[in-house]
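> These protein sequence lines map, in sequence, to chains R and V. Residues in the first sequence are numbered consecutively from 1, following the numbering used here. Residues in the second sequence are numbered consecutively from 443, following the numbering used here.
Do not take every clue at face value.
Subject to a maximum C-alpha distance of 25 Å in a straight line, what follows is the list of computed BS3-like cross-link-like pairs (lysine-lysine) [as the list claims (entries may be wrong)]:
hint	chain 1	residue 1	chain 2	residue 2
1	R	K22	R	K48
2	R	K122	R	K181
3	R	K118	V	K518
4	R	K400	V	K632
5	R	K34	R	K44
6	R	K213	V	K518
7	R	K400	V	K649
No wet-lab data here; the hints were simulated from the structure.
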Amino acid sequence: MIRFLGTAIGKSILLAERLFHKDGSTFPGKFVIKLFPSYLSKLKYPDKVIMVTGSSGKGSTTSIIANLLRNSGMTVCHNIEGSNMIRGIASTMLKHVTWGGKIPEDAIVLEVDERYLKVVTKHIRPNLIVLNNLTRDQPPRQGNYDLVYREIEKGVTDSAELLCNGDDPITKQMALSHPDKFHSFGINRMTNDFEDLPTAVKDCAYCPKCGRKMNYAWYHYGTVGDFTCPGCGFSRGKVDYAVTDVDPVKKSITINRDLSFSVDPLLLFHMYNLAAAYGVADLLKLPKKEVQAALDREKISEKIYSETEKKGRRFIAINCKAENNATYNLAHYYTLKQPGPKVLVMGLREISRRYSHFDLSWVYDLDLEALNVPDVQEVICAGPYAADFALRCKLAGFPKEKVIRMDTLDGLAKRLKKTTGDVYGILNFDYIPPFLEEVNKY
Amino acid sequence: MKMKLAFLYHDLLNLYGESGNVRILEYHLREQGIDVEVDYLSLDDPKDIASYDWIYMGCGVERSLILALTDIRKYKNELAYAIEHGTHILATGNSFELFGKEIRMPSKSYKALGLLDFSTEYKTRTVHDLLLRYGEHVLVGFENHSGATVDSREEAFYHDDERQEGIRRIHFLGTYTIGPLLVRNPFFLKSYMEELIHSKDPSFRLKPMDMELEDAAYTTAVSTLKELRLQ
Ligand SMILES: [Zn+2]
Numbered sequence: 001m002i003r004f005l006g007t008a009i010g011k012s013i014l015l016a017e018r019l020f021h022k023d024g025s026t027f028p029g030k031f032v033i034k035l036f037p038s039y040l041s042k043l044k045y046p047d048k049v050i051m052v053t054g055s056s057g058k059g060s061t062t063s064i065i066a067n068l069l070r071n072s073g074m075t076v077c078h079n080i081e082g083s084n085m086i087r088g089i090a091s092t093m094l095k096h097v098t099w100g101g102k103i104p105e106d107a108i109v110l111e112v113d114e115r116y117l118k119v120v121t122k123h124i125r126p127n128l129i130v131l132n133n134l135t136r137d138q139p140p141r142q143g144n145y146d147l148v149y150r151e152i153e154k155g156v157t158d159s160a161e162l163l164c165n166g167d168d169p170i171t172k173q174m175a176l177s178h179p180d181k182f183h184s185f186g187i188n189r190m191t192n193d194f195e196d197l198p199t200a201v202k203d204c205a206y207c208p209k210c211g212r213k214m215n216y217a218w219y220h221y222g223t224v225g226d227f228t229c230p231g232c233g234f235s236r237g238k239v240d241y242a243v244t245d246v247d248p249v250k251k252s253i254t255i256n257r258d259l260s261f262s263v264d265p266l267l268l269f270h271m272y273n274l275a276a277a278y279g280v281a282d283l284l285k286l287p288k289k290e291v292q293a294a295l296d297r298e299k300i301s302e303k304i305y306s307e308t309e310k311k312g313r314r315f316i317a318i319n320c321k322a323e324n325n326a327t328y329n330l331a332h333y334y335t336l337k338q339p340g341p342k343v344l345v346m347g348l349r350e351i352s353r354r355y356s357h358f359d360l361s362w363v364y365d366l367d368l369e370a371l372n373v374p375d376v377q378e379v380i381c382a383g384p385y386a387a388d389f390a391l392r393c394k395l396a397g398f399p400k401e402k403v404i405r406m407d408t409l410d411g412l413a414k415r416l417k418k419t420t421g422d423v424y425g426i427l428n429f430d431y432i433p434p435f436l437e438e439v440n441k442y
Numbered sequence: 443m444k445m446k447l448a449f450l451y452h453d454l455l456n457l458y459g460e461s462g463n464v465r466i467l468e469y470h471l472r473e474q475g476i477d478v479e480v481d482y483l484s485l486d487d488p489k490d491i492a493s494y495d496w497i498y499m500g501c502g503v504e505r506s507l508i509l510a511l512t513d514i515r516k517y518k519n520e521l522a523y524a525i526e527h528g529t530h531i532l533a534t535g536n537s538f539e540l541f542g543k544e545i546r547m548p549s550k551s552y553k554a555l556g557l558l559d560f561s562t563e564y565k566t567r568t569v570h571d572l573l574l575r576y577g578e579h580v581l582v583g584f585e586n587h588s589g590a591t592v593d594s595r596e597e598a599f600y601h602d603d604e605r606q607e608g609i610r611r612i613h614f615l616g617t618y619t620i621g622p623l624l625v626r627n628p629f630f631l632k633s634y635m636e637e638l639i640h641s642k643d644p645s646f647r648l649k650p651m652d653m654e655l656e657d658a659a660y661t662t663a664v665s666t667l668k669e670l671r672l673q
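So here's chain R without its partners, still in its complex pose (with noise of 0.2 Å):
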């Protein structure tokens, strides 16, 4: 009965919505849990329910797996618009949903926010949990990453596989609480990770199982690495689905030294996405070969990561998280190891309105200190808290004169033909359009 009515009352609002140009919110799934809370458990699902969780790059990897699932023949159900937590989720069924209240996909790909899985694989249940990563991230939101994880943990069903970031010691701790059911995707040792990386924030130095300071024999970055406690022999160890090479001039990487495909650019995080979604095909199973041609074609959202070639120079610009040290270090990082002199922008319009909090402390949880060499000429600190990222910059030992500041990204192009070398926009994602406009002027 609850199936039918929801079901009923959910398309009709659907319905409405799309009669007045309003699709894509969130309200038909609140409005029809609100009035039938299990409404959610009374579906029928196919058997392949995939649910991607993490601080960053959900989106991405759940666009990956649903593309390898596509490839493979199967229909896929996805919550695309990353609505990614129970209402956003719940409008995605309704829209899938058939009159019999069955969700005729062969396969559910869902990205559900960190705090909202408990309560999302309570009503579905998951043959499969992908965990990304846990960062800093959203403080005024997330509280911390340690009460994240043990959300997360409370998500875990008996029901479920899981695949963890192997290289992370905080998600690595699901193989201390689920030996059976875990699984890992990583990235091997690469020529220019860092021995050391005395500067960077410290999220996971002590081992999540007996306290004792871990040994790091490289780090990708935080305390991403190769892990070892010398107390109880937790550690990174062997990691399933490893990005054992990495070809910087083929510009691709193969995954267990057997299966190779093209990625373009090699950002560390993209690269965990793909060794991530291809666990997912490994564990269902889903033929290597075809598997291999898919990940092949697989590009890079231009949302996340674009690049132009104007007048000899390349201007790069990468999509960065507000409020996660993670995904800024990582494209920080990226950029240093590019060869030839660069000129970096960074900046933002709003943070985290939406939340109606305002904090830049996670400015200083940024590595900037190891930006701070000869190849890097100038760092453009642009938008409403220029000064901000000019304070940081100061304090990171920056020359003051390789430290410009602007109230907004107009003019830059100007300011930009003063200077030599490619252009890396580090930005926060509103503005990412204004850049590409001013590089478009260039």
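For chain R, the structure is supplied; the task is to place chain V with the ligand on it using the hints.
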């Protein structure tokens, strides 16, 4: 002048940009021509508490705080001496809980250092931007904690009609205002630094500090927060 600073448990208690407090103090002390040495210390590193002019600790996830507690216990006597003899100690976030008598978490209670007369009880989490009247100034900050100070016989770091928060004894300051407190509040940095320098050498003449960026960031933060308050 020579000054020694210590960031205690830098890889454990540094949750939200709090390293900024150390960086900015180091920067401006150097600008004053002071010879500054900063030690980043963690668990198991030997700590010569008496050798420092300034000791800083930041906030940690609860598990990290308890790890730090097991180590800091070894330095109880040295820290007691430092507090009573006026060493500047700044503890932001839950780290100041370590100096009280007891930390009562829902799962377990822990005996803390007992150097200051208060205890901490863990309750529901408070996460908030702060915009506080502070003397003739406005203090900008952020709080994110579950601990609440109880049974305190110590002076508060901050109090007005509505709110009382933190601990202050001689030059010990403990506050739930986390993040780069000294960076975000140039007026506070200035008076704090003057006091720190003068407690070492009362005759030291400070040069004017270049705070252009600090002041610009502060002005924007205050106006943005005021705007958000009005919404
Ligand atoms: Zn251990």
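> Taking the hints in turn, state whether each one holds.
Hint check:
| no. | hint | verdict |
| --- | --- | --- |
| 1 | R:K22 x R:K48 | violated, 31 Å |
| 2 | R:K122 x R:K181 | holds, 19 Å |
| 3 | R:K118 x V:K518 | violated, 42 Å |
| 4 | R:K400 x V:K632 | holds, 21 Å |
| 5 | R:K34 x R:K44 | holds, 20 Å |
| 6 | R:K213 x V:K518 | holds, 22 Å |
| 7 | R:K400 x V:K649 | holds, 19 Å |
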